[in-house]
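Asker: Now for the letters of each chain:
Protein chains: 2
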Amino acid sequence: MVDELPSMTLKAIGIVRSATKQPTGQDGREIVSDIVIDSSLTEALDGLDGFSHIIVLYWMHQAMSGEVPLKVRPMGRQGIPLVGLFSTRSPNRPNPIGKATVKLLERQGNILRVEGLDAIDGTPVIDIKPYIPGYDSVADTKVPLWITSR
Amino acid sequence: MVDELPSMTLKAIGIVRSATKQPTGQDGREIVSDIVIDSSLTEALDGLDGFSHIIVLYWMHQAMSGEVPLKVRPMGRQGIPLVGLFSTRSPNRPNPIGKATVKLLERQGNILRVEGLDAIDGTPVIDIKPYIPGYDSVADTKVPLWITSR
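For the record, the sequence lines run as chains P and S.
With positions in the first sequence counted from 1, the corresponding number in the working numbering is that position plus 66.
With positions in the second sequence counted from 1, the corresponding number in the working numbering is that position plus 66.
Keep in mind the hints are simulated off the structure, nothing from the lab.
Don't take every hint at face value.
Claimed, not checked - In silico DSBU-like cross-links for lysine-lysine, where the CA-CA straight-line distance does not exceed 30 Å:
#1 S:169 / P:137
#2 P:77 / S:165
#3 S:137 / S:208
#4 P:137 / P:208
#5 P:77 / P:165
#6 S:77 / P:77
#7 P:137 / S:165
#8 S:77 / P:137
#9 S:169 / P:169
#10 P:169 / S:87
#11 S:208 / S:165
#12 P:77 / S:137
#13 S:137 / S:87
#14 S:77 / P:165
#15 P:169 / S:208
#16 S:87 / P:165
#17 S:169 / S:77
#18 S:208 / P:165
#19 S:137 / P:165
#20 P:208 / S:169
#21 S:169 / P:165
#22 P:165 / P:137
#23 S:165 / P:208
#24 S:137 / P:208
#25 S:165 / P:87
#26 P:169 / S:165
#27 S:208 / S:87
#28 S:137 / P:169
#29 S:87 / S:77
#30 P:169 / P:87
#31 S:137 / P:87
#32 P:165 / S:165
#33 P:208 / P:169
#34 S:165 / S:87
#35 P:87 / P:137
#36 P:165 / P:87
Kindly produce the complete structure, drawing on both the sequences and the hints.
Answerer: Structure, rendered in structure tokens:
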């Protein structure tokens, strides 16, 4: 099956500007950072400030990619058994794409000021989407114990 | 700034198998489909069935990409003013990546059976992540009127 799977090319639409220069291992909930979008795409941001929250897809450029370990220890915690990579949010993934839901504090032209983006300075941004409750959220969920015991 | 923005290469990790062969324009909430993951990555799915819901990132291969219209009419509805592309979930984006939160019905080996995936048969899948309430969801949000009047 491997041979059938296609490759695609992404082009960054912008870059994260943040005081955070290295991964912190935290979820970055209180970090305020700027997303500087390619100025040729400024118009495509119109209306975004009608939303309180946005979804940011970004390329974790310092992570491993391609052939990565298939089993990992979530958040590096020794007390947790190894689980499959896709059961975790580990940055080391075949395609190292991060997805964060962040608060949109302000839009000025091609710059989005956001709160809660767990991405270091210089991270390429590949998409911005509005956060739509009900479509992006689930009311009734189940997660494993190792998630709830964080 | 355009010159500074990097390009990246993605490799699909799997393919959607669905009875839906063409885009429906619906949100696909009740569609049941299979995600067939590259069998060399099967082990990376271990533990995923501890989660009731997963996030699927996929490549909308029939959408426009690259240079796309920057202003669009959400869901093609004539009564809604043009808004910036990034304020919508239009598939026609510089990087046509879709993000869906779906119910994981069953995992069997390298096959994930899911409910609610708005992606047609043959869609390349580029990442699978667990849905983590509180990280992926927001309790208190604001959206524009055109979203709530859908």
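Asker: Provide an ascending list of the numbers of those earlier hints which the structure does not satisfy.
Answerer: Hint check: 10, 24, 27 and 31 fail, others pass.
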